[in-house]
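Enquirer: Spelled out from the first residue to the last, the chains are:
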Amino acid sequence: MRFTQRMLGGVASVSMAAAGVLGLTAASSPPLPRGQTAAVASAHGQASSPRVAARAAGWRRVDASALLGGAPADVTASVRDRGSRSGRATVLS
Amino acid sequence: MTAATTSAAGVPAAPAPATPWLEAFDVHGVRMTLTVPGDPGEAAAAAEVVRRLATETAPRWERVPGTLGGTALRARVLDEAGAALDGLGLVHWALSSDGDVLASGSPRPRRQPPLEALELHDPAALGKPWRSAVVDGAAVADVALAGIPGWHAALAVRHRGEDERRRLVAVLASSATAANSLAERLVAGDPAAPGPLEDRLDADGAAALIVAAGRDPLVSPRWPLAGAAWAPQGAPAP
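Quick mapping for you: the protein sequence lines, in order, are chains A and B.
What the first sequence shows, in the numbering used here, is residues 131 to 223, in sequence order.
What the second sequence shows, in the numbering used here, is residues 1372 to 1609, in sequence order.
Treat the hints as calculated values from the structure; they're not laboratory data.
Glycine is no exception: its CB is placed at the ideal position from the N, C-alpha and C atoms.
Don't take each hint at face value.
[What the hints assert, rightly or not] Covered by chain A, according to a simulated footprint, are these stretches of chain B (three or more residues, beta-carbon under 8 Å):
no.	region
1	1457–1470
2	1500–1512
3	1524–1530
4	1565–1572
5	1592–1599
[To be verified] Pair by pair, the computed Cβ-Cβ distance ranges are:
no.	chain 1	residue 1	chain 2	residue 2	range
6	B	Asp1573	A	Arg191	18 to 24 Å
7	A	Val192	B	Gly1412	43 to 49 Å
8	A	Arg190	B	Val1420	38 to 44 Å
9	B	Gly1532	A	Gly188	22 to 28 Å
10	A	Asp193	B	Trp1432	41 to 47 Å
Go ahead and model the full structure; you've got the sequences and the hints to work with.
Expert: Here you go:
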């Protein structure tokens, strides 16, 4: 009985050591739910989510309020003017 | 085609010398404006040059004569008109074509800039640059177009989609043609992943803003925040 317990313990420790050498730990390789694989891969730089791609290329997201300076406009660039035949296209302060 | 001359207050009247002079007219459904500060006679001459270019010359560039259908053609009109104004020796002006803007100098130029500053190409000597607002119903952004002689500043705005798929793109570049080309490509692409155009923006010294529904705005490295000035590549800093 004691011999059997020692044998089983030895086999278990050898298996654990082999797994350690191979880097196969339970914590490092959990099964990923469907759909999460790409997100995890992108976090390691192996694939690109849109946000990661934008950041890598030098683009950055800013708060909308950061785009405004508050000074009155001399000229206006507007999509509303496209094709319009009326109204003022320019606002002068 | 209809033509109209409108003052800053919307009333056909000669403005005071310090008030920018606005000429607005439609060319085959394309609304163009020219704003020139200073002498009304000088402004009227400039407006005549731009009007002739837009109404008589530009339609011959189109495959279907008599139309100004494409954004690329409208951008070319702006660039050619800007070059014509430069040729007249005008430094301070702003042109717009269906909402796209090309500007040079200042809306309120200094009357007698120091000669030394001019020789050093100091843009501050010319006066404060044109302030331009990007409007999509309400103001989305505002920037200063730091144009000085020889360096124009262009701003093109495009949008696509409606409601939750709506996105707006604004591009600052040294010519209307470059701004139009970049804006058209950006608005046609994925608004969340504009990375592939980064090299093109860098090469042109351009800057871009993308506003997509439900997301914070996305800006390229050279987009000026909080109303700061954008200057064409190679131009003296404002």
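Enquirer: Compare the structure with each hint and give your call.
Expert: Hint check:
no., hint, in the structure
1, 1457–1470, "holds (count 4)"
2, 1500–1512, "holds (count 11)"
3, 1524–1530, "holds (count 5)"
4, 1565–1572, "holds (count 4)"
5, 1592–1599, "holds (count 5)"
6, B:Asp1573 <-> A:Arg191: 18 to 24 Å, "holds, 19 Å"
7, A:Val192 <-> B:Gly1412: 43 to 49 Å, "holds, 44 Å"
8, A:Arg190 <-> B:Val1420: 38 to 44 Å, "holds, 41 Å"
9, B:Gly1532 <-> A:Gly188: 22 to 28 Å, "holds, 25 Å"
10, A:Asp193 <-> B:Trp1432: 41 to 47 Å, "holds, 42 Å"
Hint check: no violations occur; every hint is consistent with the structure.
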